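Student: Residue numbers (this note's numbering), protein chains in the order written: chain A, 14 to 340; chain B, 44 to 367; chain C, 249 to 537.
Since the hints were derived computationally from the structure, they do not count as laboratory data. Computed from a predicted structure; not experimentally measured. It is possible that some hints are incorrect.
Derived Cβ-Cβ restraints for the label pairs, each shown as a range [as the list claims (entries may be wrong)]:
# : chain 1 : residue 1 : chain 2 : residue 2 : range
1 : B       : G66       : A       : P119      : 21 to 27 Å
2 : C       : P381      : B       : K167      : 43 to 49 Å
3 : B       : K167      : A       : Q290      : 34 to 40 Å
4 : C       : G350      : B       : R131      : 26 to 32 Å
5 : C       : D262      : B       : A178      : 22 to 28 Å
6 : A       : P119      : C       : P381      : 31 to 37 Å
7 : B       : R135      : A       : G32       : 48 to 54 Å
8 : B       : K167      : C       : T282      : 37 to 43 Å
So, partial list: chain C residues that the calculated Cβ filter (under 10 Å) puts toward chain B [to be verified]:
#  : residue
9  : V275
10 : L368
11 : Y428
12 : A431
13 : I445
14 : P449
15 : L452
Per the computed footprint, the stretches of chain B lying under chain C, defined by three or more beta-carbons under 8 Å from a beta-carbon of chain C, are [unchecked claim]:
#  : stretch
16 : 105-118
17 : 153-160
18 : 164-177
19 : 340-349
Even for Gly, the Cβ is constructed at its ideal location relative to N, Cα and C.
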Amino acid sequence: MAPVLEVSGLSTVFHTRRGLVRAVQDVSFSVNAGETLAIVGESGCGKTITALSLMRLIPQPPGEIASGSVKVDGVDLLQLDEASMRKMRGSKIAMIFQEPMTALNPLITVGKQIAEMVTLHDGASRQVARDRAIEMLHLVRIPEPARRAREYPHQMSGGMRQRAMIAMALACKPKVLVADEPTTALDVTIQAQILDLIGDLQREFGTAVVLITHDLGVVAETAQRVVVMYAGRKVEEASVEDLFANPLHPYPRGLLASIPRVGSARGLDVSPDERLQEISGMVPALNNLPQGCAFAPRCSQADAKCHAQVPPFELKQHDHFAACWQA
Amino acid sequence: MTMEQTPLVEVTALRKFFPIKKGLLRRTIGNVRAVDGVSFSINAGETLGLVGESGCGKSTVGRVVLRLIEPSAGSIKIKGADITGLKRQDLRPLRRQMQIVFQDPFSSLNPRIRVGDIVGEPLKVHNVGDKKDRADRVAQLFQRVGLRPDQMNNYPHQFSGGQRQRVSIARALALDPGFIVADEPVSALDVSIQAQVINLLMDLQRERQLSYLFISHNLAVVEHISHRVAVMYLGRIVEYADKTSLFAKPLHPYTEALLAAVPLPDPSLKRTKHRVEGDVPSPINPPSGCHFHPRCPYAEPRCKVEAPVLRDVAPGRQVACHLR
Amino acid sequence: MTTNVNTMKFSFMDNVLYQAKRYPLGVAGAIIMTVFVFAALFATTVAPLDPFSTNAKASLAKPGGVFLMGADMMGRDVFSRLIHGARVSLAVALGATCIGSGFGAVIGLACGYIGGWFDLLVQRVTEVMQALPLLVMALVITASLGPSLPNTIIAIAIPLIPTVSRVVRSNVLSLREMPYVEAAKAIGMSEWRIAAIHVLPNTLAPLIVLATAQLGSTILTEASLSFLGLGVPEPYPSWGRMLSESAAEYVRTAPWLVIFPGLAISLVVFGSNLLGDALRDALDPRQRD
Chain A
14 MAPVLEVSGL
24 STVFHTRRGL
34 VRAVQDVSFS
44 VNAGETLAIV
54 GESGCGKTIT
64 ALSLMRLIPQ
74 PPGEIASGSV
84 KVDGVDLLQL
94 DEASMRKMRG
104 SKIAMIFQEP
114 MTALNPLITV
124 GKQIAEMVTL
134 HDGASRQVAR
144 DRAIEMLHLV
154 RIPEPARRAR
164 EYPHQMSGGM
174 RQRAMIAMAL
184 ACKPKVLVAD
194 EPTTALDVTI
204 QAQILDLIGD
214 LQREFGTAVV
224 LITHDLGVVA
234 ETAQRVVVMY
244 AGRKVEEASV
254 EDLFANPLHP
264 YPRGLLASIP
274 RVGSARGLDV
284 SPDERLQEIS
294 GMVPALNNLP
304 QGCAFAPRCS
314 QADAKCHAQV
324 PPFELKQHDH
334 FAACWQA
Chain B
44 MTMEQTPLVE
54 VTALRKFFPI
64 KKGLLRRTIG
74 NVRAVDGVSF
84 SINAGETLGL
94 VGESGCGKST
104 VGRVVLRLIE
114 PSAGSIKIKG
124 ADITGLKRQD
134 LRPLRRQMQI
144 VFQDPFSSLN
154 PRIRVGDIVG
164 EPLKVHNVGD
174 KKDRADRVAQ
184 LFQRVGLRPD
194 QMNNYPHQFS
204 GGQRQRVSIA
214 RALALDPGFI
224 VADEPVSALD
234 VSIQAQVINL
244 LMDLQRERQL
254 SYLFISHNLA
264 VVEHISHRVA
274 VMYLGRIVEY
284 ADKTSLFAKP
294 LHPYTEALLA
304 AVPLPDPSLK
314 RTKHRVEGDV
324 PSPINPPSGC
334 HFHPRCPYAE
344 PRCKVEAPVL
354 RDVAPGRQVA
364 CHLR
Chain C
249 MTTNVNTMKF
259 SFMDNVLYQA
269 KRYPLGVAGA
279 IIMTVFVFAA
289 LFATTVAPLD
299 PFSTNAKASL
309 AKPGGVFLMG
319 ADMMGRDVFS
329 RLIHGARVSL
339 AVALGATCIG
349 SGFGAVIGLA
359 CGYIGGWFDL
369 LVQRVTEVMQ
379 ALPLLVMALV
389 ITASLGPSLP
399 NTIIAIAIPL
409 IPTVSRVVRS
419 NVLSLREMPY
429 VEAAKAIGMS
439 EWRIAAIHVL
449 PNTLAPLIVL
459 ATAQLGSTIL
469 TEASLSFLGL
479 GVPEPYPSWG
489 RMLSESAAEY
499 VRTAPWLVIF
509 PGLAISLVVF
519 GSNLLGDALR
529 DALDPRQRD
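Taking the hints into account, I'd like the entire structure generated from these sequences.
Tutor: Here it is in structure tokens:
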């Protein structure tokens, strides 16, 4: 089966006063229909810029997609003119954001916003579009969808708004859904509801999902494949089982060791004195990256080669890739 | 738990209502019942974790305990002394014993003041030593929290989030307090930085016999750092227990739901999905009876009418539920 | 994010030069303002001719020769009058802005801190004051006080108070909720000290922008008042009156009488705005590296 989304060699840079910021460097991945690929990393690792690059929503200038291709069903989005790209957004590739208020227009009712999307892309009549909006709200399990469709975004709770945004994103049944930290602003009980919802809708529509998150728990529960990014580059890629069981790169290994876990996950007798493993230092500035491996200054295993040369991203084990001289 | 000693902090039946005012004459038309009868105690060297979702009143509790916000009712005792009715001036010397660390490492430091002066501010306010002594003390504090003393002349914006949180911690430690309210101190930090700050807080606790009221929505972090845990829902504590038994077997349906909702970083665990439905109701007009009944899978008719009291179910373990 | 910043120390001059490089427009503003202030301070030495001496022969002389910018109907040198006029204009602008901003800041701070019925009352009064345009209020005040330099300053300062106090008040209200203010309370800092150390300095940025923007509008108000004959009385030359005396009659026959005072007003307004914008940025430590 050919992947629905194929990203290869994507590089995005920002021309700033502080010099050239290489936000995303040579990132490639592909996602099949119905599959979820998670991109994990900390702030500044380039995961959100990757997501925005897929949608071609990078502000230009100062940003620029320097090279690469983003193919949805074989069509390279980066080669399209702005008008054709606009048609692709929503119908073929859609995005949901961390803060739904930024994506929803506060002056238009939720139902109307979804209906507009349908009219725009499917050319449906107003009545059809309206019915479809209510149907979508029902699908994202908003109670009393007909009444809720007439509400403005600010009248809804955070969880409801996120549902409405998902309804809007999926209204035209896009092939690819890019979800940028969709549950970070939500409480845990609501987060669980939203993640379940995305999963269910994905199964129903066969959507390929790119999930951007910093939460390894969310990754473990929702994704099939994982890409770990650090300082703008991919450092590891594997199936979710492989990555959590056997991380090859010291960065994801350190991350997994540094997070506290709720007791049920690892036997119960957790003494409060047990120290968490730390990753010393901090994320480097993207305009001032170290010469070799960007993680080398924080890595306990780094040797002279690590500090001198950027390690290639290569196959290390069966279907398990990493960029590390030591792995 | 050592029950015979006087707890360092003792809070009884604490209430905080925020009036909702409307109209030209600012008439009170209702109350946000942010904190509605909360009691707990913290011993020296102990961490009490306070968990709950947004709007449950946990941050308000932290501020009321320090009297940064005035309580509507109830009492707060520090080392056995009631501070609830103290006047501002009389409260000032007690401020040396209790401090706070905030969530947002950006807005918790004044952008126009050098970090060395920020950390030295408490010493200056309480007239500790002369200028030289204070500078030495600040340098020591910097070292202790993992910052270089030569960074004292920098401004907050020159630091990363994790470093700023270290500055906040140094400020809180400056007067050598016994009790620190930590309000979501790691929630705004990156995962790899969280561990650094949690370890620092725990090391400091061991060194100085610190007591923490650790407020967080992150159950994993609370489990790691706390000795005892209180779970809040809409202004009330619904479960209060030592850490091990709470996480081993949550008794209140809400605690159970919270734990079930936390995504675990282990794909090999295939868990049965216990999801609670619906949103957290508004604290302006909370549901009758047990506040959790509209979302509770086990709710019975009496839950709708009768509010359960927090009662002992085992030694050191309390639950507010009719069914447990 | 800037991390691992080196901790080199910079001297004051280094910083000034550095800022100058970053804000070339600010430097332009500073130069314009310096020139005008210099001209105003040393008007008697700088001005080539006596601004008051009339000369019937030179009536409406064209620019050039002795009269750099021409002469007015009474044969007085426009250039010299402009230089002396800078005194009046700048005195009024700086005086009114300082008095207006000072009182406004104090009232705004008091409203933000005391709150309650005091705030309610002051807010309603300022709303009434804001309902009247700056010029109309200044007109009413000068008309009742009588024209003189101090009265002009007061007349222009009072209408500035509401705007400033509202900006400061709203800033105070939001700053009081900042965690760093809470932290200051938690260490037992007195409210006065919190206001002085944490709240006031952080309202400075919007205050400076507002004040410099108003510097321009006060010059315009002064010009308008003088234009209407309610400003600084004769024989002191004021830019506004120089314009008013000549605008209607001579704009066609002797345009220099209109162009040069107009240019002076525009230049000062422009310069003060440029300087204000740059100052706001330069005073913020977040912008300093």
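Student: Can you name, in rising order, the numbers of the hints this structure does not satisfy?
Tutor: Violated: hints 9 and 19.
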